[in-house]
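Trainee: If you want the building blocks of each chain, they are given just below.
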Amino acid sequence: MTEMTYLRAISDGLRTEMREDDRVLLMGEDIGVYGGAFKVTDGFIEEFGADRVMDTPLAESGIVGTAVGAAVVGLRPVCEMQFADFVSCGFDQIVNVAGKMLYRQGLPVNITVRLPSGGGFSGGPFHSQNPEAWFMHSPGLKVVAPSTAEDAKGLIIASIRDPNPVIYMEHKNLYRRVKGEVPEGSYETPFKARVAREGDDLVVITYGAMVHTALEATADLDGASVMVLDLRSLVPLDEDAILRAVHHCSKVVVVDEANQTCAAGAQVSALIAERAFEDLDGPVLRVASPDAPIPFSPPLEAAVLPSVERVREACRQLLEY
Amino acid sequence: MATSSTDVPIGPSSRAQENPSAYLTVDDRVGLLGAMLFMRAIEERAMNLYRQGKVPGSFYDGFGQEAVSVGATWAMAAADRLCVLHRDLGAHLVRGVQPAAILSQYMGREAGITRGRDGNVHFGDHRTGCVGMVSMLPDMMLVAAGMAMAFKLRGEQRCALTWFGDGSTSRGDFHEAMNWAGVQHLPVIFILENNQFAYSTPIKQQFAVNPVERAAAYGFPGVSVDGNDVEAMFEATRIARERAIGGGGPTLIEAVTMRMHGHGAHDDMKYVPKALVEEWRQKDPIDRQSARLKELGIDVEALRQEVRAEVDAAAKTALAGPMPDPATATDRVFHPRDADEILLGDGAAPWSGFGS
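Protein chains in written order, with the numbering used here: chain A, 1 to 321; chain B, 1001 to 1356.
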């Protein structure tokens, strides 16, 4: 075990898999010589060369589309969108080409698309988004979102090895803020939920950066015992783990950093309404960003993103129900 | 073959040479005609089946454009890879897809290439090295560029090819693919199938400068070819492939042709001047290749009969096949982790130049 940041853990996972499998190559804007906008691939070009750490033209559709072509003839491309927001420019290739290839033609598309996502540092409307739900809604794509350093490494390795297109959400606000013990060598994190903290009175169901917000908000909540369930994978969604947690706690707060409408948490809430109604001892409460672009100015951004205080308030309200 | 002028051409500028390629044997030339006859016979049969209500949705064909896909595919090696579009059925036939599987595909049957998951010419039999199109047509230019990128990275002497239409040249993926291929000097062939109309939109409303001229701006050659001459299509593609596998980079080939039918079976094409269709009818690619072969003493009528009989039998087989089981509608959305890896396989490559 080595202690490292979430960002270094992603690097470590990529490096580990590239050493083990020469079919793996990285593609993206400024990832080679510069080492990536966030330095995830810093030093990679020296070890693996410019062919496997490919500085591409500034063309997101091009990155995904050529990755699909390379994948169906045997490579394992890992695409970096410089910011998750820019994936909108590659959306068509992901949704229509990559996501539907297997269903239509029996041809799997083994690509991983890394999306540095999320707000909290005045990135403004085009460097702060959480677009995971766009892809959850589109068949044939897996979507994962680690919250810890250990899972960041294990999920990037598992994503590369998965024969399907995987959208890997990496939260920018966790890159250097979150550190943890990370196992040496190669390992995979399953596409399953994880109990981030055990508890009995209420469960907060969330993923990504909001796992840390939820842990902080409920660490000392008037003596209440609060479970935090970290989904880790949004597609497939670990329905059993969600239903078990609801059965155990009976009160549920669902937190998304993404805009509220049709977010991952909406799917979680619908699942609970359909299959765990009898287990509930109160309404399912949701905390998410309102349906507005993520603003630039710090007080405006803070007013939009779910805060520790908002999560705490929702939990208190439900505990008193 | 000539580089085009700045004028947007509405047809081939000169009559096809009698022997556009010195690389074709008589067997090759007969094979080219045979594949075009198959394409036409299958599509005509499918149009009848559509009118009988046996082909759901609409039906899209490549009537009059058979030379474009047949000629180009004939020049491709087994290990090469293709992204095939909806007026390019000939590519599938040359690569070895069977007529019964194609007719089953059109009718949404279980024995179709996509097992009813997708319709009409939206298919690719991965065993033959072909990726089927999506409806956002120039997307496939990037997929082809990506295959070529992999070949280049691995140092393989292989080439990728894709087709797209005049309408596709207006979309961003056209630019991204052309630029990417130029920057990385990829072994890829882009065939612009200029059939004068994108649905109802004529090319003069699609571009101000013929897209074949844009190739130079991306750093590689663009050539215009008589798309209704199957041997000229073969020769242009053969040259482009030779350049590609020799490390010379991409080529854009404009195949100048005409969409003789509506965009789909539902389209009466009233926006196309009748005189224009009539003019192009005189340039029919099958008639032209038939005339060549008749001069060589080939019994073209016998070939025609043979093809017709085979397509009749294929239609019978396809019609007898079952529809897919509705219980399987959500199968195969994801590939199981422990399942075997599936990659594109090698297709048939009948050209005598490959020494089969």
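Don't read these hints as lab results, they were simulated from the structure.
Treat the hints with caution; some may be incorrect.
Stated by the list, open to error - The calculated DSS-like cross-link candidates involving lysine-lysine, where the alpha carbons are at most 30 Å apart (straight line), are:
#, chain 1, residue 1, chain 2, residue 2
1, B, K1316, B, K1054
2, B, K1204, A, K100
3, A, K39, A, K179
4, A, K100, A, K179
5, A, K39, A, K192
6, B, K1152, B, K1204
7, B, K1204, B, K1274
8, A, K100, B, K1274
9, A, K39, B, K1054
Keep in mind the model is a prediction, meaning the values are calculated, not measured.
Trainee: Please list, smallest to largest, the hint numbers that this structure does not respect.
Mentor: 2, 4, 6, 8, 9
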